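Engineer: Those protein sequence lines, which keep their order, are chains A and B. Using my numbering, the letters of the first sequence correspond one by one to residues 1 to 258. Using my numbering, the letters of the second sequence correspond one by one to residues 1001 to 1105.
For the record, the hints were derived by calculation from the structure and aren't laboratory data. It should be emphasised that the depicted structure is a prediction, and the values quoted were computed from it without experimental measurement. All residues carry an ideal CB built from backbone N, CA and C; glycine is no exception. You may find that some hints are simply not true.
Some chain A residues close to chain B (C-beta under 8 Å, calculated; not the full set) [stated by the list, open to error]: (1) Met58; (2) Thr94; (3) Ala105; (4) Asp241.
Beyond 10 Å from chain B on every Cβ pair, some chain A residues (computed) [to be verified]: (5) Tyr74; (6) Leu134; (7) His142; (8) Tyr155; (9) Asp166; (10) Ala170; (11) Ala182; (12) Phe193; (13) Phe229.
Computed footprint of chain B on chain A; a stretch qualifies when at least three of its residues, placed anywhere within it, have a C-beta under 8 Å from a C-beta of chain B [stated by the list, open to error]: (14) 43–53; (15) 109–120; (16) 243–257.
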Amino acid sequence: MSDSPIAGPAHGHGALAEAGDPHHGEHPSYQRHHFETVDQQADATNFAMWLFLLTEVMFFGGLFTAYLIYRNWYYPAFVAASHQLDVRWGSLNTLVLILSSFTMAMGVWCSETRRRNGLMLCLTLTFILGMAFLGIKTIEYHEKWEKHHIPGLHYSLQSFLDPASDEAAAKYGDSPLPLDMARHTELYFFLYFAMTGMHALHMIIGIAILGFMIVRARAGAYTNGHVTFVENFGLYWHFVDIVWIYLFALLYLISRHQ
Amino acid sequence: MSEQTNHTEHEHHVTSPTVYIVILFSLLVGTALTVWASFIDLGPWNPVIALAIATSKAMLVVLFFMGVKYSTKLTKLTVIAGIFIFLGLISMTLSDYMSRAWGRW
Chain A
1 MSDSPIAGPA HGHGALAEAG DPHHGEHPSY QRHHFETVDQ QADATNFAMW LFLLTEVMFF
61 GGLFTAYLIY RNWYYPAFVA ASHQLDVRWG SLNTLVLILS SFTMAMGVWC SETRRRNGLM
121 LCLTLTFILG MAFLGIKTIE YHEKWEKHHI PGLHYSLQSF LDPASDEAAA KYGDSPLPLD
181 MARHTELYFF LYFAMTGMHA LHMIIGIAIL GFMIVRARAG AYTNGHVTFV ENFGLYWHFV
241 DIVWIYLFAL LYLISRHQ
Chain B
1001 MSEQTNHTEH EHHVTSPTVY IVILFSLLVG TALTVWASFI DLGPWNPVIA LAIATSKAML
1061 VVLFFMGVKY STKLTKLTVI AGIFIFLGLI SMTLSDYMSR AWGRW
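Isolated chain B (complex conformation):
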């Protein structure tokens, strides 16, 4: 606990409404984009693009609406660790299901 205020560690960043409006419009554009893209036949790329757009939207929500961009290092670490473990669990489970019946599809 130092006497110096460390602004990067400071909890009470107030995000301005301008930022929220910009994020709102980005999310709306993302939604329009993903609906539009879903009607075009891109073969195996359809789910990839849908998930990529969904993830970009989720990132915007996490970073700005949820304020992780301006939060403490502890919160950032918590969020990153959570996503990492989640992706680890999903990829291990899916790789198990996919490799178990290898060659017997």
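Chain A extracted, bound-state conformation:
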């Protein structure tokens, strides 16, 4: 936190001369009055964003903990149910999300170095990759719908007990499960939809904000030295990426070898 007039590339002097009135003459127009310096404002905003992300960590943490406890209790059922997920779709989605994190990070860089076209390209790519993720998720959800594996909405115990009698389950060549295991697969799918659904909701919110940012970036926002919004959105997007990294490992991978 310094009072130095040279505040890095993000705070050029172009914005300094913007406002005519004496009140704003001293600092960029985007600096709020209750902050002493632009740096102080950026630090405070960054801190606040991290506090928000920590509440998100606790939120998803609760879901992860529930998953771990039930997986421990109904281990064979969870192993059997996790084999219903297609690791290829999961890997592809991981790839898509990591790429989108990269394009988002590049977006922050473009914003910092004031490249308007670069920023718009990066935000648009992030937007497209986010949509691609949701598209792949939809394919996966659709398969679950076909096989009656959606607890509370479209679930059939029969498809686990006797897959041959269920048209869709028979198509995928599933093997039958004993009754107690079949019953507990419902718990796995409940947690699967709760966790990936919450994650997808975060993606949808993120994509909506990205759309808003693309429009604003076109008008020259974020490349005038005021990078806070892009930077903090980047934190959110990367956080959502991290949640998926763990979801992928826990839901798709850990029982794959059995």
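Using the hints, position chain B against chain A.
Structural biologist: Then chain B, alone, in the frame of chain A:
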């Protein structure tokens, strides 16, 4: 608020694209590695390895994509405190569940 610019406390570090590209490739390699490892039967080590790789990937994202490595001490402390409390809560909850039915599995 000193007049001296303290660069370690300075918010506006610009991470270069080269760093982002290196991190991107590390994350892709990590993903390939974890998928490959999941098909090998390592007994109790499968989840351990999957979570270890996931955590390494998450660390790379937090440190570089999210820029915590170059952030203020306040942000670093916030992140570390958050992870610490999260792990504390998870381990206390799991130890409760595991010890309650001790010997009655």
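Engineer: Take the hints in turn and mark each one as holding or not.
Structural biologist: Going down the list of hints, with the structure as the test:
For Met58 of chain A, the interface hint holds, the least distance from its beta-carbon to any beta-carbon of chain B being 7 Å, beneath 8 Å. Given hint, Thr94 of chain A at the interface with chain B, holds; its Cβ is 5 Å from that chain's nearest Cβ, closer than 8 Å. Satisfaction of the interface hint for Ala105 of chain A is found here, the shortest Cβ-Cβ separation to chain B being roughly 5 Å, below the 8 Å cut-off. Annotation: Asp241 of chain A was flagged as interfacial toward chain B, and the flag holds, the nearest CB pair being 6 Å apart, inside 8 Å.
The claim that Tyr74 of chain A lies off the interface holds: its Cβ sits roughly 13 Å from the closest Cβ of chain B, which is beyond the 10 Å cut-off. Remark: the non-interface label on Leu134 of chain A is consistent with the geometry, its nearest Cβ contact in chain B lying 19 Å away (cut-off 10 Å). With 10 Å as the threshold on Cβ separation, the claim that His142 of chain A sits away from chain B holds: the shortest Cβ distance comes to roughly 23 Å. The beta carbon of Tyr155 of chain A sits about 26 Å from the closest Cβ of chain B, which is more than 10 Å, so the claim that it is off the interface holds.
Interface exclusion of Asp166 of chain A from chain B stands, the closest Cβ pair being 28 Å apart, more than 10 Å. At the 10 Å boundary, the C-beta of Ala170 of chain A stays outside the reach of chain B, the nearest C-beta of that chain being 26 Å off. Non-interface status of Ala182 of chain A relative to chain B is upheld: no Cβ of that chain comes within 10 Å, the nearest being about 22 Å off. Its beta-carbon lying about 21 Å from the closest one in chain B, Phe193 of chain A satisfies the requirement of being farther than 10 Å from that chain.
No beta-carbon of chain B is positioned within 10 Å of the beta-carbon of Phe229 of chain A; the least distance is around 15 Å. With 6 residues having a beta carbon nearer than 8 Å to a beta carbon of chain B, the stretch 43–53 of chain A meets the requirement of three or more and the stated coverage holds. Remark: the stretch 109–120 of chain A is confirmed as covered by chain B, as 3 of its residues place a Cβ nearer than 8 Å to a Cβ of that chain, reaching the required three. Note: the stretch 243–257 of chain A has 11 residues with beta-carbon separation from chain B under 8 Å; the three-residue rule is met and the coverage holds.
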